[in-house]
Amino acid sequence: MSGPRWIIGVDVGGTFTDVFALEQATGQVLTAKTPSTPADQSIGFVRGLGLAAPLADIGTVVHGTTVGTNALLERKGARTGLIATEGFRDVLEMRRRDRPHTWGLRGTFKPVAARQDRLEVRERTLADGTIEQAVDEAGVEAAARALADAGCESVAIAFVNAYANPENEQRARAAVARVWPNAHITAATDILPEIREFERTSTAVLNAYLQPTMGRYINRLHDALAAGGDAGLLIVQSNGGLMTAAESARAPIRTALSGPAAGVVAAQRVGVAAGYPNIIACDMGGTSFDVSLIADGQTALAAETSIDFGMTARAPMVEIVTIGAGGGSIAWVDAGGMLRIGPESAGADPGPVAYGKGGTRPTVTDANIVLGRINPERPIGGELSRLDTEAARAALQATIGDALGLDPEQAAEAVIRVANARMTGAIRLVSIERGHDPKSFLAMPFGGGGALHAGALVNEVGLAGAISPRYPGVLSALGCVIADMRRDFVQTINRPLPSLDTSVLTDAIAAYWRDGTAALDDAGVALDARRIEIELDMHYQGQTHAIPVRIASTDDVSRLEINADSVQSAFEAAYLSQYGRLLDGPVIRVMNLRAAVIGVRPRFDLTQLAPDGGDIATARTGSRPVYVDGAWTDATIYDRLALPVGAVINGPAVLEQPDATIFVEPDLSARVDSLGNVILERQA
Amino acid sequence: MSDAALDPVTLAVLNGRLEQIVDEMDATLFRSAFNPIIAEAHDASHGIYHRETGETLVQGKSGLPIFVGAMAFAVKTVIKKAAIDGDLADGDVYIFNDPWDGGTHLSDFRLVRPVFRDGAVFCWIASVGHWHDVGGAVPGNYNPAATEAWQEGFVCPPVKLYRAGEYQPDITAMLSANSRLPVSLYGDMNAQINALDLGMERLNGLLDDYGDEVIETALAALRDRAERLMRAEIALLPDGVYSAEDWLDNDGVVDEPLKLVLTITISGDEMTLDFAGSAPGCLGPVNISRATTFAACYVTMKHVFDEIPANAGAMAPIHVLIPNGSILAAEAPKPVGGYTETILRLIDLVFQAMADVAPERSNGCAYGTINALSIAGRRSDTGAPWVMFSFFGGGHGGSAESDGLQHGNAPISTATIPPLEILEAAYPVAFRQWALRADSGGPGKHRGGLGAIYEIELLEKSANVFLFGERGRTNPPGILGGGPAAGNRFRFDTDEGRNAGIPPMASKIVGVKLERGMRVRLEAPGGGGYGPVNERDPAAVQADLDAGYISADAARSAYGVEPSS
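The listed protein sequences derive, respectively, from chains Y and Z.
The numbering of the first sequence is numbering that gives the first Met the number 0, which starts it at 0 and goes up by one.
The numbering of the second sequence is numbering that gives the first Met the number 0, which starts it at 0 and goes up by one.
Take these hints with a grain of salt, some might be off.
Label-pair ranges, simulated between beta-carbon atoms [stated by the list, open to error]:
| no. | chain 1 | residue 1 | chain 2 | residue 2 | range |
| --- | --- | --- | --- | --- | --- |
| 1 | Y | Asp564 | Z | Ala331 | 35 to 45 Å |
| 2 | Z | Glu359 | Y | Val647 | 56 to 66 Å |
| 3 | Z | Thr271 | Y | Gln540 | 47 to 57 Å |
| 4 | Y | Asp514 | Z | Arg377 | 50 to 60 Å |
Note that these hints are calculated values from the structure, not bench results.
Using N, Cα and C, we set each Cβ at its ideal position, and we do this for glycine too.
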């Protein structure tokens with residue numbers, strides 16, 4: 000094989016499709032941005048690839064997608080049927096008997112599978128796995144035909160207690176396939192053999208709802224790639240691991256947070272490579288601020304998320320706290336005289352007042368412009384030629400300044416402070432509130448606006464500093480290129496530890512290893528190593544919530560020793576660290592076994608991103624006044640990408656690059672590390 | 000500093016920090032509690048309270064809304080007790096369940112702890128949670144036949160569970176000995192201590208960061224702000240007198256309906272809620288204490304004015320008049336175990352009275368009953384006692400913006416229902432149906448949400464069933480011309496056949512015996528409709544018909560629409 004072979008990460012966001020390309024033999028790196036094409040994301044995807052390399056030269060494409068997320072948020076999935084146990088078709092619509100808002104009894108819920116598309120069949124499994132009533136296969140076949148005739152494109156099968164014994168569900172699945180052979184059948188226990196019927200049913204139905212949409216999208220990508228070469232296609236899962244495109248079409252619910260997950264993966268890798276295993280990843284977009292915690296080099300994962308009220312998906316996901324405080328969030332004063340930011344956003348249209356596209360209500364971005372932190376002559380994205388600072392000043396005065404008795408600069412600074420306070424709240428939620436000491440963490444801002452606020456967040460939360468990656472605007476695409484393969488497994492055990500036969504665990508783990516490694520083989524992706532990570536959900540008998548207890552991480556399951564004593568001590572250590580006291584008397588119980596088989600892809604050497612040469616004097620492009628702590632002061636302006644390794648710049652300063660702006664507060668300094676990251680720290 | 004105003008920005012920052020502390024106390028209790036009523040149903044709450052008045056300063060967002068108002072009374076009770084005893088010390092934790100001074104019912108155990116700074120009380124923090132079983136005649140403590148509190152459970156006055164940081168195991172022993180489920184009690188109590196410990200640590204951290212005086216100023220400013228916001232909202236409403244009346248089925252002992260009356264007077268930026276004309280105190284357990292009545296008003300005001308922050312300031316412009324000797328002013332030892340039913344009715348009254356003056360802020364009445372169902376027995380293999388206790392859901396009322404929510408939680412709580420698979424794994428029962436109840440939503444321009452049908456079969460040799468429900472005789476009303484929802488309906492199997500058993504008190508039963516294979520069937524009410532039925536879009540009626548939310552008969556009779564096929 001000759002000629003270049005590129006591996007390309009493509010992250011499709013709401014505004015831009017970002018590309019990060021690596022030529023594996025030479026280490027050559029390219030980045031690119033092209034406008035996203037929301038109606039059909041594959042168009043922007045192909046354009047993005049075209050900016051990097053000819054299709055024939057591409058070996059692998061790794062893709063972070065929002066196709067699943069958007070189909071869920073906009074309710075644009077397929078017409079989906081559900082086949083349920085007799086008496087239980089409404090579990091999906093009844094949820095866990097919650098409501099949309101704590102206060103105020105308004106709002107309603109519409110499930111993605113309409114009631115007339117939810118059919119019941121005779122069957123029943125009891126909680127201990129006994130089959131009380133064998134499934135009525137003729138009834139299943141009739142239901143499948145009825146759903147197909149009604150115009151459903153996909154179907155989920157979800158039976159009560161099937162987590163304890165999936166036999167009836169599997170037989171029903173085969174019966175559906177007999178009379179209605181199609182690629183969009185989801186048996187709930189195939190996706191999630193875990194106790195809790197609503198969560199399992201909802202996850203299965205949402206998966207089926209996405210299957211046709213995702214399947215068509217993946218086909219379009221395959222066709223586009225096959226038209227000019229033989230590139231393989233991998234998809235980022237919500238937990239940051241990769242799966243094959245074929246798997247993503249079967250289990251699209253695992254891609255619900257594909258886009259944000261890629262960014263967190265990159266933040267983790269960049270942080271660890273730079274010597275900072277404790278990172279708070281902060282993705283600031285136009286309407287939201289997404290925060291995730293990376294502690295000791297490990298990404299925090301959540302077992303479940305709700306895409307919208309009642310739309311619950313239980314699949315491992317990068318734990319992300321989202322608040323409505325992005326660059327486009329609108330600042331306003333409430334009836335009680337308090338300054339508020341968001342949740343309303345000016346979005347991309349009309350956008351901030353300074354964009355001159357009809358926006359009249361001031362945004363966080365407007366405040367940054369008025370304070371001189373954003374260069375009005377060099378807007379990010381390249382769509383506008385300059386920004387209207389005066390319009391932003393006038394809007395801040397009229398909306399905020401007049402109400403609070405502040406001048407435009409004071410109003411702008413107040414907006415920034417409240418926005419920072421909201422972001423600080425999100426950072427506290429993922430860090431301090433979970434017992435992590437902020438002094439040992441660095442914020443890693445990425446996305447368009449994050450780096451403008453990083454310094455203030457460092458001061459307000461008491462973080463050790465902040466680290467701005469070399470290419471903050473395409474960090475998620477970089478994450479695609481460096482993520483590992485991953486396949487997750489779960490099984491409800493629900494047994495008291497003293498009477499648990501631990502061979503149940505070791506047998507299941509051996510099976511996961513066999514299936515997981517076989518799937519890695521099938522993917523045909525180069526791997527450096529493989530391992531399995533094993534966790535148990537455990538609690539004291541009587542509790543309904545469980546804590547995750549880490550059991551092992553190994554590349555040799557045959558040498559794994561799991562016994563009741565080792566499991567008990569692992570549980571007690573985890574419980575003590577979470578709650579500070581153990582309980583005397585209650586029996587310990589094992590709820591779920593969780594495992595992840597991970598295929599470690601060859602490491603991308605991040606030093607390839609570091610700047611080559613350069614000097615501070617050349618990088619300096621001028622100065623301009625910025626407003627800080629109630630006064631104007633002169634800040635030096637630098638071209639960030641032209642700064643050499645080892646450069647140290649004291650604040651106040653602004654470091655500019657095409658896709659982001661870093662504001663160095665007066666008491667901070669910025670240092671370029673050996674990987675080309677900019678580290679913000681307190682001045683000595 | 001205490002007189003100086005804080006700048007609005009610092010205030011916003013501190014507001015967020017304080018709310019986070021209390022939210023995290025909530026989360027800690029939910030995650031580590033033993034009984035599902037706390038862990039899943041979130042029947043618990045945490046807050047920060049004023050050092051002298053006990054007023055609520057900061058309240059968690061995820062706890063049970065009714066406690067927002069009630070806990071202030073609980074803290075006040077401890078403040079009085081400590082003043083009389085004169086022995087308050089740093090590290091003390093009081094524990095009690097007295098419902099007359101502290102509000103709600105005996106199941107709710109309150110742990111109250113002073114926060115000392117420099118040798119003096121700065122504020123109080125408290126945790127309240129609904130324990131699984133506190134003795135009394137009925138497992139799970141919803142005893143519809145109680146005529147004295149002791150038949151509902153044991154009464155614990157404020158005593159010290161910790162003395163100056165020293166744990167008092169004797170108290171735990173005393174409490175445990177009086178519960179059918181002592182392990183659950185022990186687990187929940189420890190989980191509440193976990194939450195208080197965490198609150199203490201976080202609050203001290205905040206006070207150290209900003210200084211006690213700054214926080215004191217901020218707390219006062221936040222209270223003032225809530226009051227200002229509430230006054231501004233009330234001022235927007237037209238002055239006038241608005242009233243409503245509604246009914247409870249009975250008190251569980253005497254089968255006579257009990258009338259509740261509310262007259263709302265809006266005058267400028269103040270509002271008076273007057274309950275004159277409501278029934279006198281009753282023999283059975285649907286009495287509530289003044290503290291509870293006040294708390295119920297607070298909850299409703301928060302639903303009506305949902306954007307106002309949850310602290311005592313919000314209630315400053317609202318006057319609550321409760322007639323002495325009424326069902327809403329119970330004193331010891333009146334039974335109050337069914338307090339949930341009465342406060343749900345107070346909430347219904349407020350929405351009905353507010354409908355004409357603030358239609359955008361009102362909604363059809365929700366299902367209006369907690370339906371506390373317990374099934375209890377002994378395992379035939381081990382002889383161990385078991386109690387399956389849960390609250391069941393129903394429909395929410397239609398609102399200005401949409402049809403009502405199907406199968407929501409009660410307005411006094413944010414409770415989720417335990418998964419049936421968790422219940423079946425823990426108790427010897429099998430659910431035969433868990434479904435929406437067609438035709439149960441009140442008709443209207445915006446239809447009320449549907450209630451639910453739950454049918455449960457016993458898999459053990461025998462068990463006893465207890466139910467505390469309401470809305471069996473007076474259905475949840477609609478507003479602004481919307482029709483009422485279907486009422487509550489409970490049936491149980493007898494030797495006479497399936498569903499042959501009918502509760503004598505409509506929705507309240509004590510100790511009906513079931514044998515293996517027998518079932519109980521609960522059909523919970525929907526929510527009331529919003530607006531006249533003739534304003535409903537005929538396409539929406541057809542859609543309801545297609546989905547089976549309404550029957551063809553109902554389409555014709557309630558909506559006057561002839562089904563298309």
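Going down the list of hints, with the structure as the test:
{"no.": "1", "hint": "Asp564/Y - Ala331/Z: 35 to 45 Å", "result": "52 Å, violated"}
{"no.": "2", "hint": "Glu359/Z - Val647/Y: 56 to 66 Å", "result": "58 Å, holds"}
{"no.": "3", "hint": "Thr271/Z - Gln540/Y: 47 to 57 Å", "result": "51 Å, holds"}
{"no.": "4", "hint": "Asp514/Y - Arg377/Z: 50 to 60 Å", "result": "44 Å, violated"}
Hint compliance for this structure: hints 1 and 4 are broken, all remaining hints hold.
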